[in-house]
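First to last, the protein sequences are chains A and B.
Sequential numbering from 1 applies to the first sequence in my numbering.
Sequential numbering from 1 applies to the second sequence in my numbering.
I should point out that these hints are in silico values taken from the structure, not numbers from a laboratory.
Here a beta-carbon is modelled for each residue, glycine too, at the ideal position from N, C-alpha and C.
Check each hint, because a few of them may be wrong.
[What the hints assert, rightly or not] Covered stretches of chain A (in silico footprint by chain B; criterion: 3 or more residues with CB under 8 Å from a CB of chain B, positions within the stretch not fixed):
| id | segment |
| --- | --- |
| 1 | 9 to 23 |
| 2 | 29 to 38 |
| 3 | 51 to 61 |
[As the list claims (entries may be wrong)] Away from chain B, derived, C-beta distances all over 10 Å, residues of chain A:
| id | residue |
| --- | --- |
| 4 | 26 |
| 5 | 42 |
| 6 | 43 |
| 7 | 69 |
| 8 | 73 |
| 9 | 87 |
| 10 | 118 |
| 11 | 143 |
| 12 | 147 |
| 13 | 151 |
| 14 | 164 |
| 15 | 165 |
| 16 | 172 |
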Amino acid sequence: MAVDEISAVQNERRWALAMGGVAAVMLAAIVWAGLGLHMNPPSNIETVDPNTLHVAGEFAENNLGTHVDSAGKITTRIVTTQFAFVPECVVVPQDMQVTFRLASPDVIHGLIVVGTNVNTMVVPGFVSQVHTVFDKPGDLLMPCHEFCGLGHGQMVAHVRVVPIADFRPDGDGRVTCDN
Amino acid sequence: MDTIKESGANIEEPASALLIQPVPSGAFALAGAAVALLLVAWLVMYFFTFLPRGPVG
Chain A
1 MAVDEISAVQ NERRWALAMG GVAAVMLAAI VWAGLGLHMN PPSNIETVDP NTLHVAGEFA
61 ENNLGTHVDS AGKITTRIVT TQFAFVPECV VVPQDMQVTF RLASPDVIHG LIVVGTNVNT
121 MVVPGFVSQV HTVFDKPGDL LMPCHEFCGL GHGQMVAHVR VVPIADFRPD GDGRVTCDN
Chain B
1 MDTIKESGAN IEEPASALLI QPVPSGAFAL AGAAVALLLV AWLVMYFFTF LPRGPVG
């Protein structure tokens with residue numbers, strides 16, 4: 001091997017080492033955040049019958065939206081369907097843990113709440129679940145981010161984050177954008 | 001012509017040596033700067049945007 005060729009191989013080796021270092025830095029940050037800060041992707045293995053979820057049970061229409069149970073746990077239930085979120089507006093309190101539970105009766109949808117880490121897919125047959133705390137009030141867009149058909153571009157909902165003083169559940173523990 | 005064809009190694013050796021003689025330091029500098037910027041941008045997004053938003057799992 002000629003001297004110049006050896007030099008070229010050495011340069012390539014240095015470059016490979018540098019790229020390995022870059023990958024190692026990113027991987028270390030992800031592992032550290034995952035193990036130390038519990039920054040993991042939302043994962044919830046829970047099944048639901050997509051053919052009947054709208055008829056009765058947790059995802060029946062009268063049970064959708066934000067609900068505060070007797071223990072004070074706040075849960076927002078949404079059905080993602082072609083081509084709308086039901087309900088299209090949900091209210092959640094600021095600085096409190098909120099659990100989103102989502103189900104789809106038709107095709108795969110996805111959602112992201114702009115400006116937050118809320119980001120998940122909604123697969124028919126499974127219940128998607130995300131926990132989060134909204135740290136400032138505002139009206140946040142929540143578009144579908146998984147192409148679900150011709151009306152995909154119109155599939156947008158709103159998450160209304162209100163100060164805790166303005167978060168007033170009714171007698172059944174429900175809070176809607178109308179009250 | 002025959003001698004050149006048959007002794008290909010004699011032609012290619014100096015030609016290839018000539019090609020790789022100058023270490024492509026400019027290419028390394030450009031690629032290095034691009035990758036460094038990408039890494040810095042990723043780290044900034046990760047530590048100053050993604051992590052402060054908190055876990056969702």
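Would you list, in rising numerical order, the hints stated earlier that this structure does not obey? 3, 4, 5, 6, 10
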